[in-house]
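Please put together the full structure from these sequences, using the hints given.
The sequence shown begins at 1 in the working numbering and counts up one residue at a time.
For the record, the hints were derived by calculation from the structure and aren't laboratory data.
All figures in this text were calculated on a predicted structure; none of them were measured in a lab.
Any given hint could be a false lead.
Each pair of labels, with its calculated beta carbon distance range [unchecked claim]:
| # | residue 1 | residue 2 | range |
| --- | --- | --- | --- |
| 1 | G76 | T138 | 36 to 42 Å |
| 2 | I53 | A75 | 15 to 21 Å |
| 3 | I53 | G151 | 33 to 39 Å |
| 4 | K93 | F64 | 23 to 29 Å |
Ideal placement from N, C-alpha and C gives every residue a C-beta, glycine not left out.
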Amino acid sequence: MRLKIYGFSALFFILAGGLFYAVFYSPIFQIKEIKTDFSGGESTSALINDLKIFFAGQPGISPFLGFNSILIWKAGAVSGDFLKKYPWIENLKIDKNYLKRTVILTAEERNRFGVWCLKEKCFWFDEKGIIFEEAPNTEGGLIRKVNDSSGRRIEKGDMILESRLADNLMKIFGVLEIAGLSSYLKFDKIELQDIIATPVQKNFP
Numbered sequence: 001m002r003l004k005i006y007g008f009s010a011l012f013f014i015l016a017g018g019l020f021y022a023v024f025y026s027p028i029f030q031i032k033e034i035k036t037d038f039s040g041g042e043s044t045s046a047l048i049n050d051l052k053i054f055f056a057g058q059p060g061i062s063p064f065l066g067f068n069s070i071l072i073w074k075a076g077a078v079s080g081d082f083l084k085k086y087p088w089i090e091n092l093k094i095d096k097n098y099l100k101r102t103v104i105l106t107a108e109e110r111n112r113f114g115v116w117c118l119k120e121k122c123f124w125f126d127e128k129g130i131i132f133e134e135a136p137n138t139e140g141g142l143i144r145k146v147n148d149s150s151g152r153r154i155e156k157g158d159m160i161l162e163s164r165l166a167d168n169l170m171k172i173f174g175v176l177e178i179a180g181l182s183s184y185l186k187f188d189k190i191e192l193q194d195i196i197a198t199p200v201q202k203n204f205p
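Put into structure tokens, the structure is as follows:
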């Protein structure tokens, strides 16, 4: 009886030791490749690095597994809080292939709906009114544009206006386009909520 107990104990420690080695030291769970399906440019490497740091810093054994362990990566949608640093991404999803030791990042990028120009710089904003990328100071009627002379400061990730006013602005653009007009819009005093449209006889593409 005692021999059986010793035998089972020995087997348990062998299996536990093997599992410990496989998880912490062997290449079985080490990431071989991180694939992306989006055009993030230079910020792609920064995004991947930030994700490694984010997952390696989660509670539990993640800090002991290391940055390159596929086990620390959580499959599914990435939280909105993390994406605040990358406003050009609307949604980010993570998939894992254990056999190929591959992590796949799938991103839904924001659409360039229009340009919002302050005195010092211009930004692209999407159809939800979120600023996400610097833009050129365009001329002509091919791109939706708002000149903001209110003196406000806005940065990437901010809303161009509060939600209700942003919705109204999108409706204004829609009405102008239905009428076959493009326009420059001028936003002056935020407290008066005034927007002045200067029509241009040219449709949007």
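Results of checking the hints against the structure:
1. G76 with T138: 36 to 42 Å: holds, 38 Å
2. I53 with A75: 15 to 21 Å: Taking Cβ atoms as reference, I53 and A75 lie about 18 Å apart, which means the hint holds.
3. I53 with G151: 33 to 39 Å: holds, 37 Å
4. K93 with F64: 23 to 29 Å: holds, 26 Å
The structure agrees with every numbered hint stated previously.
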